[in-house]
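Engineer: Chains as they are written, first to last, in the numbering used here: chain A, 2 to 572; chain B, 29 to 220.
Hints are computed from structural coordinates only; laboratory data are not their basis.
Hints may be right or wrong, so weigh each one.
As the list claims (entries may be wrong) - Residues of chain B clear of chain A, computed beta-carbon distances all greater than 10 Å: (1) D73; (2) Q134; (3) P150; (4) Q169; (5) N180; (6) R185; (7) P186; (8) R187; (9) Q189; (10) K191; (11) H196; (12) R207.
As the list claims (entries may be wrong) - Computed spacing ranges between beta-carbons, pair by pair: (13) C202(B) / A535(A): 31 to 39 Å; (14) P9(A) / S141(B): 48 to 56 Å; (15) D82(A) / E155(B): 37 to 45 Å; (16) P541(A) / C202(B): 42 to 50 Å.
Virtual Cβ for every residue (Gly too), placed ideally from N, Cα, C.
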Amino acid sequence: MTAVEPRPQTSEVRPSKRTEVLENRPVNLDGFVEEWPEKGLVAMESDFDPQPSVRVEDGRIVELDGRTRDRFDFMDTFIADHAIDVDTCEAAMATPSVEIARMLVDPRASRADVVALGRGLTPAKILDVVKLMNVVEIMMGIQKTRSRRTPANQAHSTSAKDNPIQVAADAAEGAVRGFAELETTLGVVRYAPLVAIGLQVGGQVGRGGVLTQCALEEATELDLGMRGITAYAETISIYGTESVFVDGDDTPWSKAFLASAYASRGIKMRFTSGTGSEVQMGNAEGRSMLYLEIRCILMAKGAGVQGLQNGSISCIGVPGAVPGGIRAVAAENLVASWMDLECASGNDQSFSHSAMRRTSRLLPQMLPGTDFVCSGYSAVPNKDNMFAGSNLDTEDYDDWNTIQRDMQVDGGLRHVREDVILQVRNKAARALQAVFAELDLPAITDEEVEAATYADSSDDYPDRDVLADLEGARSVMERGVTGLDLVKALERSGFGDVAENYLQVLRQRVSGDLLQTAAIFTGDFVPLAAINDANDYAGPGTGYRLTGERWEQLKKLRHVTSAENPEEEVV
Amino acid sequence: MTTATGTRTLSLRETGPAERGTRPEEVVIALSPAFGDPFTKTIVDVPHAEVIRQLLAGVEEQGGVARLIKVYRTADLAAIAHFGAKLSGSGIAVGILARGTTVIHQRDLARLSNLELFPQAPLLDAEVFRMIGANAAQYAQSRSPRPVPTRNDQMARPRWQAKAALLHLKEFECIDHARAAVEVEPVITRVD
Numbered sequence: 002m003t004a005v006e007p008r009p010q011t012s013e014v015r016p017s018k019r020t021e022v023l024e025n026r027p028v029n030l031d032g033f034v035e036e037w038p039e040k041g042l043v044a045m046e047s048d049f050d051p052q053p054s055v056r057v058e059d060g061r062i063v064e065l066d067g068r069t070r071d072r073f074d075f076m077d078t079f080i081a082d083h084a085i086d087v088d089t090c091e092a093a094m095a096t097p098s099v100e101i102a103r104m105l106v107d108p109r110a111s112r113a114d115v116v117a118l119g120r121g122l123t124p125a126k127i128l129d130v131v132k133l134m135n136v137v138e139i140m141m142g143i144q145k146t147r148s149r150r151t152p153a154n155q156a157h158s159t160s161a162k163d164n165p166i167q168v169a170a171d172a173a174e175g176a177v178r179g180f181a182e183l184e185t186t187l188g189v190v191r192y193a194p195l196v197a198i199g200l201q202v203g204g205q206v207g208r209g210g211v212l213t214q215c216a217l218e219e220a221t222e223l224d225l226g227m228r229g230i231t232a233y234a235e236t237i238s239i240y241g242t243e244s245v246f247v248d249g250d251d252t253p254w255s256k257a258f259l260a261s262a263y264a265s266r267g268i269k270m271r272f273t274s275g276t277g278s279e280v281q282m283g284n285a286e287g288r289s290m291l292y293l294e295i296r297c298i299l300m301a302k303g304a305g306v307q308g309l310q311n312g313s314i315s316c317i318g319v320p321g322a323v324p325g326g327i328r329a330v331a332a333e334n335l336v337a338s339w340m341d342l343e344c345a346s347g348n349d350q351s352f353s354h355s356a357m358r359r360t361s362r363l364l365p366q367m368l369p370g371t372d373f374v375c376s377g378y379s380a381v382p383n384k385d386n387m388f389a390g391s392n393l394d395t396e397d398y399d400d401w402n403t404i405q406r407d408m409q410v411d412g413g414l415r416h417v418r419e420d421v422i423l424q425v426r427n428k429a430a431r432a433l434q435a436v437f438a439e440l441d442l443p444a445i446t447d448e449e450v451e452a453a454t455y456a457d458s459s460d461d462y463p464d465r466d467v468l469a470d471l472e473g474a475r476s477v478m479e480r481g482v483t484g485l486d487l488v489k490a491l492e493r494s495g496f497g498d499v500a501e502n503y504l505q506v507l508r509q510r511v512s513g514d515l516l517q518t519a520a521i522f523t524g525d526f527v528p529l530a531a532i533n534d535a536n537d538y539a540g541p542g543t544g545y546r547l548t549g550e551r552w553e554q555l556k557k558l559r560h561v562t563s564a565e566n567p568e569e570e571v572v
Numbered sequence: 029m030t031t032a033t034g035t036r037t038l039s040l041r042e043t044g045p046a047e048r049g050t051r052p053e054e055v056v057i058a059l060s061p062a063f064g065d066p067f068t069k070t071i072v073d074v075p076h077a078e079v080i081r082q083l084l085a086g087v088e089e090q091g092g093v094a095r096l097i098k099v100y101r102t103a104d105l106a107a108i109a110h111f112g113a114k115l116s117g118s119g120i121a122v123g124i125l126a127r128g129t130t131v132i133h134q135r136d137l138a139r140l141s142n143l144e145l146f147p148q149a150p151l152l153d154a155e156v157f158r159m160i161g162a163n164a165a166q167y168a169q170s171r172s173p174r175p176v177p178t179r180n181d182q183m184a185r186p187r188w189q190a191k192a193a194l195l196h197l198k199e200f201e202c203i204d205h206a207r208a209a210v211e212v213e214p215v216i217t218r219v220d
């Protein structure tokens with residue numbers, strides 16, 4: 002049975018023709034379940050969540066949300082010792098929740114003040130605050146608390162055949178369309194080095210300064226980062242209960258240690274968490290999905306990472322199936338932003354069969370803007386998406402651009418003329434061809450370059466000799482190939498501009514600019530982060546506004562009738 | 029424990045404690061706590077009677093023999109299958125959860141490893157269960173079958189992820205730490 006097969010008819014009653022029409026709507030292919038709060042199958046309103054409380058003795062938190070320190074699990078301990086400001090927490094906790102919720106919404110309350118207040122709150126108190134907020138108020142809060150002023154977007158660039166040429170060409174197209182970060186992952190894990198190289202080279206062809214990552218098991222992901230083959234890391238998962246953490250042979254301290262390994266090399270990284278993961282694994286310990294996610298957010302904060310990918314992520318089918326689930330997902334993005342973390346806000350996994358539901362799930366992040374509206378917009382057709390499909394894919398590019406234009410909202414992308422796209426795809430494939438030749442990796446043929454220029458999916462490429470590629474991938478790791486070797490290969494083979502872009506990305510590790518919260522690069526390699534592009538939203542007329550040159554870019558679509566000559570279209 | 033499944037019913041008749049087998053070619057089929065009772069069908073409504081029928085037919089068509097056990101102390105698929113493998117005369121077991129998630133395991137592998145894993149229960153139909161049975165029988169005879177082709181459906185998440193979570197929680201509720209695994213005999217009856 003596949004997910005697009007209609008439901009078997011169960012009723013004995015003859016349905017009306019209208020019911021037949023409704024039964025056949027895509028939304029009825031989605032799964033919905035009743036809440037079961039005792040087991041944590043509930044979005045954010047549960048009688049089984051703890052009541053907020055805090056008590057400090059001798060400069061140490063000795064009670065957190067109704068539990069005394071002797072009854073703390075390791076999440077409580079980590080949060081109490083590393084995430085909550087002991088000096089301010091008793092005063093912060095005494096502030097009525099409704100007052101804090103109003104501060105999040107009211108433009109006259111500054112971001113700095115509400116962030117400072119947030120540093121003294123416990124998970125249950127934070128939950129108590131956001132439970133008072135409806136979706137529009139949550140969006141108001143995101144608009145104010147997101148850390149970077151300029152919104153951005155992130156793409157998935159993967160291949161069902163792990164074809165590095167496809168990944169390079171789609172990375173180049175994604176970069177030129179506007180994605181600030183590109184990530185990949187694999188079907189066959191051993192292919193990783195070649196695909197990560199394809200992503201990096203293609204990305205730097207599309208637009209200098211695009212950041213790339215390759216999602217793998219943690220040791221290899223770190224290795225590729227340290228070698229400079231990738232530029233950031235994101236898939237470091239954390240969980241809201243001790244039992245789920247332990248199931249994965251991890252603790253908050255082991256994750257914090259891994260985070261510091263990245264920081265030691267100047268590599269940007271963020272954690273990943275999201276509503277629904279604990280109940281999905283059967284260990285929610287009777288807490289609501291959002292309560293557990295708030296614990297994750299505070300754990301991330303306590304570990305000192307600059308950011309978090311959240312918004313349910315790969316468990317989106319769980320909050321998506323319960324009442325108020327997508328409100329909870331918006332609320333978790335708000336809390337991550339409010340806790341002063343970079344928020345890569347989901348919209349990155351297949352969510353619904355219904356185009357209307359896919360869009361409505363997207364708007365709470367797209368309209369207020371987040372640090373990354375999608376933490377994985379599929380820049381390949383979903384069938385090539387090795388993250389198991391995204392809420393948006395290449396087929397949605399023109400819809401996305403149109404929504405940006407309709408709403409005058411910057412979702413990080415733009416329409417790009419066909420000749421430009423073909424040019425960067427072709428150049429990315431040629432650059433990778435040259436790098437492979439320089440490094441004695443299995444040759445990329447001119448036929449493959451031609452295919453990459455015009456392709457849509459992996460079906461449009463000649464098949465690679467997979468065994469030879471895997472041997473090449475192994476040799477990349479064994480020979481200790483680094484980012485600098487790739488820069489040299491690009492330089493030697495006549496792609497000096499791409500080499501220069503790549504070198505600039507590597508140089509930032511030394512300056513450490515990418516360790517600042519929510520850091521990305523402009524096309525001129527100027528880091529944009531919370532420190533130099535701080536969100537200054539303070540009500541109408543302030544904060545990021547889509548105006549000027551950028552707005553002119555976003556007015557362009559594939560087909561717009563010229564006002565000057567209605568017989569022609571604007572190019 | 030009799031449950032109606034449309035045209036066939038499955039009842040699992042207890043025949044005694046689950047013990048180590050001696051037949052060198054046997055396949056143990058290890059069922060989870062909620063399999064057959066209280067649940068009667070997989071996440072996509074494949075009747076448990078049909079699942080068992082196909083698994084047994086698959087084993088049989090490869091000239092193998094199968095033995096069924098039911099486990100009560102865990103709902104962890106890897107643990108169920110590995111437990112079954114340790115009781116199997118050949119060291120090969122098929123573990124299966126009530127919602128349909130299935131694995132072929134081998135005694136000497138680490139618990140979290142496996143010979144073949146079928147994690148997407150919504151994609152498992154009668155035909156796949158038959159192939160799983162056939163492959164398990166071949167492993168039990170020290171042959172090297174081609175793995176059952178894996179299926180992938182990126183829209184399985186929106187349709188079934190939450191129901192899978194719910195079924196997982198329900199299966200957990202059926203865990204009985206006090207109850208040792210038993211050998212069961214499947215009785216499949218046509219009721220039409």
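Engineer: Take the hints in turn and mark each one as holding or not.
Structural biologist: Evaluation of the provided hints:
no.	hint	result
1	D73	violated (7 Å)
2	Q134	holds (22 Å)
3	P150	violated (6 Å)
4	Q169	holds (29 Å)
5	N180	violated (8 Å)
6	R185	violated (4 Å)
7	P186	violated (5 Å)
8	R187	violated (4 Å)
9	Q189	violated (3 Å)
10	K191	violated (5 Å)
11	H196	violated (5 Å)
12	R207	holds (19 Å)
13	C202(B) / A535(A): 31 to 39 Å	violated (53 Å)
14	P9(A) / S141(B): 48 to 56 Å	violated (37 Å)
15	D82(A) / E155(B): 37 to 45 Å	violated (55 Å)
16	P541(A) / C202(B): 42 to 50 Å	violated (57 Å)
Taken one by one, the earlier hints fail for this structure at numbers 1, 3, 5, 6, 7, 8, 9, 10, 11, 13, 14, 15 and 16, listed in ascending order.
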